[in-house]
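Respectively, the protein sequence lines represent chains A and B.
This note's numbering applies: residue 1 is where the first sequence begins, and numbers increase by one.
This note's numbering applies: residue 1 is where the second sequence begins, and numbers increase by one.
Wrong hints could be hidden among the right ones.
Said to hold, decoys possible - Lysine to aspartate or glutamate pairs mimicking EDC-like chemistry, simulated, CA-CA at most 20 Å apart: (1) A:LYS135 to A:GLU150; (2) B:LYS157 to A:ASP93; (3) A:LYS112 to A:ASP84; (4) B:LYS157 to A:ASP84; (5) B:LYS146 to A:ASP142; (6) B:LYS146 to A:ASP84; (7) A:LYS35 to A:GLU220.
Unchecked claim - To give an idea of the interface, some chain B residues facing chain A are shown, with a C-beta separation under 8 Å as derived from the structure: (8) GLU140; (9) PRO162; (10) HIS238.
Calculated directly from the structure, the hints in this document are not laboratory data.
Built from N, CA and C at the ideal position, the CB exists for glycine as well.
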Amino acid sequence: MLSLQDARVDYPGHMAFDHFNLSIESREMVSIVGKSGCGKTSLLYAIAGLVPLSQGILRIKGGASACGIMFQQDRLLPWKPVVDNVLLGLRKDRKHEAETLLEKLGLADVTKHYPHELSGGMRQRVALARALIRKPALLLLDEPLASLDERTRERLQDEIKSYVAEHSLTLLMVTHSIAEAITMGSRVIVMTPHGVDFELHNAHHAETDLRQKDEFFAMEKLLRRHLEDLP
Amino acid sequence: MKYVKGAIVVMFLWYVLALLVASPIVPFPHVVLLHGIANFMNEDMHRHIISSLLRILAGLALALTMAIPTGIAAGRIRMLDRIVSPVMYLLYPLPKIAFLPVFMVLFGIGDVSKVLLISVIIFFPAAVTIRDGVKEIPTEYLELAKAYHLTRTRVFKDIVWPAILPRIFSSLRITLGISLSVLFISETYAARYGLGYHIMNSWVMAQYVQMYASIMVLSLLGLLLYILVDLLERTFVHPRKK
Chain A
1 MLSLQDARVD
11 YPGHMAFDHF
21 NLSIESREMV
31 SIVGKSGCGK
41 TSLLYAIAGL
51 VPLSQGILRI
61 KGGASACGIM
71 FQQDRLLPWK
81 PVVDNVLLGL
91 RKDRKHEAET
101 LLEKLGLADV
111 TKHYPHELSG
121 GMRQRVALAR
131 ALIRKPALLL
141 LDEPLASLDE
151 RTRERLQDEI
161 KSYVAEHSLT
171 LLMVTHSIAE
181 AITMGSRVIV
191 MTPHGVDFEL
201 HNAHHAETDL
211 RQKDEFFAME
221 KLLRRHLEDL
231 P
Chain B
1 MKYVKGAIVV
11 MFLWYVLALL
21 VASPIVPFPH
31 VVLLHGIANF
41 MNEDMHRHII
51 SSLLRILAGL
61 ALALTMAIPT
71 GIAAGRIRML
81 DRIVSPVMYL
91 LYPLPKIAFL
101 PVFMVLFGIG
111 DVSKVLLISV
121 IIFFPAAVTI
131 RDGVKEIPTE
141 YLELAKAYHL
151 TRTRVFKDIV
161 WPAILPRIFS
171 SLRITLGISL
181 SVLFISETYA
191 ARYGLGYHIM
201 NSWVMAQYVQ
211 MYASIMVLSL
221 LGLLLYILVD
231 LLERTFVHPR
241 KK
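Kindly generate the complete structure, drawing on both the sequences and the hints.
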């Protein structure tokens, strides 16, 4: 689905990351964790086509238009009601589809509400609907649940995960939360500004009671140790 | 209700001033009010009001027709901003009212020169406000547009226009006050109709009650235009968290 070879992103005055290699198969769910400033968001933005690669090769099956991105902030347009936010840039005749999707995400009653009338969790669900209605083959998540409370976050993690599995999408998520990375990723990558430091295969990813399993805590401990050992 | 309260305060201060000055140059407000009501039905007064209203609306429409695309272009295209902004800053502080004689020579002594003067004076604050509004559109929204592959037309329609619409109404409110002042001055020259002309003519003829009645009508005209702007804003600017 995606391959990235020796990728590097530079901003004026500083480098975001370099020597990054990644290959993701279709229907795979990959989480990336790393210390603040290691270039996680820049990596996602480069894949989404928002920032250019300074070096390296990026290949996406279906090109950048195959990607759907959910940002850290919901970025809902305050002047548009929920359903129009979901339909941003799309034809109005897909309204029924948008409403069905919103209903699936538990937002049937708020389709005509404006973003400022919604809770943080609801806003992120709308942002998720906006990404999903485009039927992206590759869903990119940039810590979209970071600002939510623990319960809402876990509920949304489960919802996204089941939607991605049900619709055979590929998922790439960056997060600073180790627990979230394990919950969401069948593969967890520890990223540094100079490439991949460590990779963990999560064999228990599909299990529903994953958060209660001993293996979950073992993986969390292992990843934490790797992150702590980073310079 | 807020307008009634404001009117009561103005009337009270006016009464105090009239009592203190005790001269025909400051008549009592109730005398002016009664005169104004009696004259409002006068056909001549209607022509003064309509002439002023049309000049203001034409000046505002012309100014915004030029200011909106200029402001948007300067806000969106950095290279154009580098050229347009210094020109705007250079011309903005000029006392453009001093060019009224030039406008009269170039465009005649009729309505064209008056409307053009109003629109030229309004153009600069409106264009600068709109340009700043465009520049202040959060980059997150423009990134979102890029991530979702929005066309230029959709970026304008879905993001730029709704984002700057409150700014356009703000600039309308600011420039409305300016345009009323300019209207008054422009109508004091070579005009036969208009509230500015009527005010000055009443002053020259020492008809102070009539002069104040016309000032009151001009002020009411301004108030009505402000209310209209508020109504339009409520209709076209969608609710959003302040």
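Cross-check of the supplied hints:
1. Note on LYS135 (chain A) and GLU150 (chain A): the hinted pairing is violated, with a Cα-Cα distance of about 28 Å set against a maximum of 20 Å.
2. About 18 Å separates the Cα atoms of LYS157 (chain B) and ASP93 (chain A), which keeps this hinted pair within 20 Å; it holds.
3. Using a Cα cut-off of 20 Å, the hinted pair LYS112 (chain A) and ASP84 (chain A) holds, with the two alpha carbons roughly 9 Å apart.
4. For a cut-off of 20 Å, the pair hint linking LYS157 (chain B) to ASP84 (chain A) stands: about 13 Å separates their Cα positions.
5. Taking the CA atoms of LYS146 (chain B) and ASP142 (chain A), the gap is about 16 Å. The hint holds against a cut of 20 Å.
6. Under the criterion of a C-alpha separation no larger than 20 Å, the hint pairing LYS146 (chain B) with ASP84 (chain A) is consistent with the structure, at around 17 Å.
7. Of the pairs offered as hints, the one joining LYS35 (chain A) and GLU220 (chain A) holds, with about 15 Å between alpha carbons and a cut-off of 20 Å not exceeded.
8. Taken as an interface hint, GLU140 (chain B) checks out: its beta carbon lies about 5 Å from the nearest beta carbon of chain A, inside 8 Å.
9. For the restraint placing PRO162 (chain B) at the interface with chain A, the shortest Cβ-Cβ distance is roughly 4 Å, inside the 8 Å limit, so the hint holds.
10. Annotation: interface hint on HIS238 (chain B) holds; nearest CB of chain A at approximately 4 Å, less than 8 Å.
Checked against the numbered hints given earlier, this structure breaks only hint 1.
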